[in-house]
Amino acid sequence: MNCSEAEVLINALVDGELDAGHARDVESHAAECRNCADRLTALRAMRDAISRAALKERAPAHLRARIEAALPAAPTPRPLAAAADSWRLSRRFFAGGFAAGAALSGVAAAALLFAVVRDDRDQRIAGEVVSAHLRSLQPGHLTDIETSDQHTVKPWFNGKLDVAPPVVELTARGFTLLGGRLDDINGETAAAIVYRRRSHVINLFVSRHAGAEHGRKVSQFRHGFNIRHWTDEGLDFWAVSDINAGELDEFCERYTAGLHPRAVPS
Amino acid sequence: MSAEDDPDKARRFRDAALAHLDDVYTLARYLLRDQVDAEDAVQECYLRAFQHIDSYRGPAMKPWLLAILRNVCRAEFARRAQAPAGECGDEQGAAGPPLWQEPQQSPEAEFIRARDGDTIRRLIAALPPPFREAVVLRDIHNLSYREIAEVAGVPVGTVMSRLARARAMLRAAWNVEEGSTL
Numbered sequence: 001m002n003c004s005e006a007e008v009l010i011n012a013l014v015d016g017e018l019d020a021g022h023a024r025d026v027e028s029h030a031a032e033c034r035n036c037a038d039r040l041t042a043l044r045a046m047r048d049a050i051s052r053a054a055l056k057e058r059a060p061a062h063l064r065a066r067i068e069a070a071l072p073a074a075p076t077p078r079p080l081a082a083a084a085d086s087w088r089l090s091r092r093f094f095a096g097g098f099a100a101g102a103a104l105s106g107v108a109a110a111a112l113l114f115a116v117v118r119d120d121r122d123q124r125i126a127g128e129v130v131s132a133h134l135r136s137l138q139p140g141h142l143t144d145i146e147t148s149d150q151h152t153v154k155p156w157f158n159g160k161l162d163v164a165p166p167v168v169e170l171t172a173r174g175f176t177l178l179g180g181r182l183d184d185i186n187g188e189t190a191a192a193i194v195y196r197r198r199s200h201v202i203n204l205f206v207s208r209h210a211g212a213e214h215g216r217k218v219s220q221f222r223h224g225f226n227i228r229h230w231t232d233e234g235l236d237f238w239a240v241s242d243i244n245a246g247e248l249d250e251f252c253e254r255y256t257a258g259l260h261p262r263a264v265p266s
Numbered sequence: 001m002s003a004e005d006d007p008d009k010a011r012r013f014r015d016a017a018l019a020h021l022d023d024v025y026t027l028a029r030y031l032l033r034d035q036v037d038a039e040d041a042v043q044e045c046y047l048r049a050f051q052h053i054d055s056y057r058g059p060a061m062k063p064w065l066l067a068i069l070r071n072v073c074r075a076e077f078a079r080r081a082q083a084p085a086g087e088c089g090d091e092q093g094a095a096g097p098p099l100w101q102e103p104q105q106s107p108e109a110e111f112i113r114a115r116d117g118d119t120i121r122r123l124i125a126a127l128p129p130p131f132r133e134a135v136v137l138r139d140i141h142n143l144s145y146r147e148i149a150e151v152a153g154v155p156v157g158t159v160m161s162r163l164a165r166a167r168a169m170l171r172a173a174w175n176v177e178e179g180s181t182l
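Quick mapping for you: the protein sequence lines, in order, are chains G and H.
Residue 1 is where the first sequence starts when you use the numbering used here, and the numbers rise one by one after that.
Residue 1 is where the second sequence starts when you use the numbering used here, and the numbers rise one by one after that.
Any given hint could turn out to be false.
As the list claims (entries may be wrong) - A short, non-exhaustive set of chain G residues, derived as facing chain H with CB atoms under 8 Å:
{"hint": "1", "residue": "Glu7"}
{"hint": "2", "residue": "Asn11"}
{"hint": "3", "residue": "Ala12"}
{"hint": "4", "residue": "Leu55"}
{"hint": "5", "residue": "Gly224"}
I should point out that these hints are in silico values taken from the structure, not numbers from a laboratory.
The C-beta atom is built at its ideal place from N, Cα and C for all residues, glycine as well.
Isolated chain H, as found in the complex:
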C-alpha cells in the first residue's frame, strides 16, 4: 500500500521526518551559507523524501534525510556556479556574499553564547565544502563515521582523512582568530 492511500502511514512518516527538521536545516545552512537557499533546499528535501516514503527501509532516518538534502544542495551548487558535478560547492572570493548571514538578532539571554558560537560558525563555514561537510556532520550532528560515509556517499576511510584535514585547517584558522595557540 502506498503512502497516498494510507493517511496514517503518511502522518507517522511526516512526524518522524519533521523531528529531524533542525538537523536538516542546520546542514543546509552550512552547505549553502545562505538562509533563503537553505530554506528552499530543506523544503525540496522533504518533498523528495515524501515521494520516496515507500522506498524508505531505514536503518536511521536522520542520515537518510541528510543524504537527500545533500543531493538537493549539489543541484543548487550546479545551478549557482556551473561547478563540475563532482564538486560540492564553490570557493567564494572577496566579492562573494558573506560566509554566514544571521537571519535575525539573537535573544538577549543567548547573546554571549551566540557570540562565541558566531566565531566558531564562521570558521567552520569558511572550510572548503567536503571538509566543512565532514566537520558539520561529525561535530554538530553527532553522526558516526559510518553514517557520515553513508550521507556523503564515500568510504569510511575517506571520511577519516577528510576529518583529519578539516580539523588541521580549522585548528590553524582558530589560532589566527584567537591570537593564541590551541
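This is chain G alone, in the form it adopts within the complex:
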C-alpha cells in the first residue's frame, strides 16, 4: 500500500467505515510510515475537536413556527377522547368479528380476524410509540430521573406503576443507560427506560401485557424510526429509535439476555 492509497483509507478508518481486513492493512502501513501515522493522529484529533465543538445549529423558534403554519393539515393533536373512541371502535370490531367467525366455522376464521384486528391495534400503538419517542426528544423531556445506575432507576418506578419494569445494565455492551420516565402509551401509564448509543436515543417502553400470547416479536419501520415489539414475563416491550435495524435488534437481544441471565450461555 502506498501513501496516496492509504490517505483515503485512513479517513475511512477514522470514520469507522472499514472492514477488519482493510483496517489491519491501513494500521500496519501507518505503523511503518511516519507520514501516515501523523495523518491518522491528526485526523482523529480533528474529528474529536469537531465533535466536542457541538457544531449542530438549533433552528430558530420562529422558523419552526413558520414551517408549522405553512404545512397543510397543520397541528391538531388528536384529543384523548378521540383516541379512546378509536380504541372502543376496534374493540367493537373485534367482538363483531369474533361472533361472525364463530357462526361460520370456527377457530381458524376467528383467529384470522383476531390477527387482523390485533395488527391494526399494533399499528396504532406503534404510531403512539413513535409520537412518545418524538415528544421525549424535545428539550427537557427525555428523563424524569437521570442516572446511569440501574439500581436507582428501578426503585424510582416503584409505586408509580402497576408493574416493576426490569432495568438492565448495558453500558458495557455499548448502550448507556440515561434514566427513566413515565409516559403514556395507548391510554395507559408505561415506564420509559432510556438508553443511548452514540448520539442516538433508544426509548424502551414497558407496560403490563394484557393478552395471553407471549414471545411474538414484531419489527416495524415507521417515519424513519425502527420499532421492535415483544412480550416477555407478562410485560409488553416496545423499543424505538433512529439507530439502524441491526443495532436495535442487538439492543433487544442484549436486554432480553440481561433479563434471563441463566438462559444465556456465556
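Use these hints to put chain H onto chain G, whose structure you have.
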C-alpha cells in the same frame, strides 16, 4: 389514500419530519452561509417534502430530507450566481459577505465552547462546496458514507475521496489558524 385526505398521517409525517429540523437547518447554514437564505431554504424543503409525502418510502427520513434540502440549495446557488448546474456553490472573493454570520450573541454559559466552535465553523465554512458538504454530513450530521452518497447523489467512492481531500484542506487551514502542527 393521500396525505391531504388523512390528517392523522399528515400529523405523524409532520412530527417525524420536524424532529430533524435542526439537522436540516444546520446543513442549510453551511451550504448557503447566510441565515436568512438558510431559513427560506429550510421552509421550502419542508414544503417540498410534504408535497412528496406519498412517495416517501424510507429508509431513513433524515437523509431523505437532507437530499431535498440540497436540491433547494442548488436552485438557490443557480439564482445567486448563475453558476453551472453541476456546481454546488460559488467561491466568495474578498468583496463577498463574511463566510459565517452569527444570528445573535451566544448565551453567557456557552461562550467558551461557542468561541472554539466559531473557529472550527469558519474553517469548515471556507471549504469549497462539495468538500464542505461531505465534512458537514459526516462530522456534524454523523451520516454513514452510504447515506452521504445518497444525499449528494454520488457513488460511495466519490464520498471517500472528497472526505480525504476535504480533511487534508481542513488540516492545513487548521494548522495556520492555530499556529501549530496538528
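Hints and how they fare:
no. : hint   : result
1   : Glu7   : holds (5 Å)
2   : Asn11  : holds (5 Å)
3   : Ala12  : holds (6 Å)
4   : Leu55  : holds (5 Å)
5   : Gly224 : holds (3 Å)
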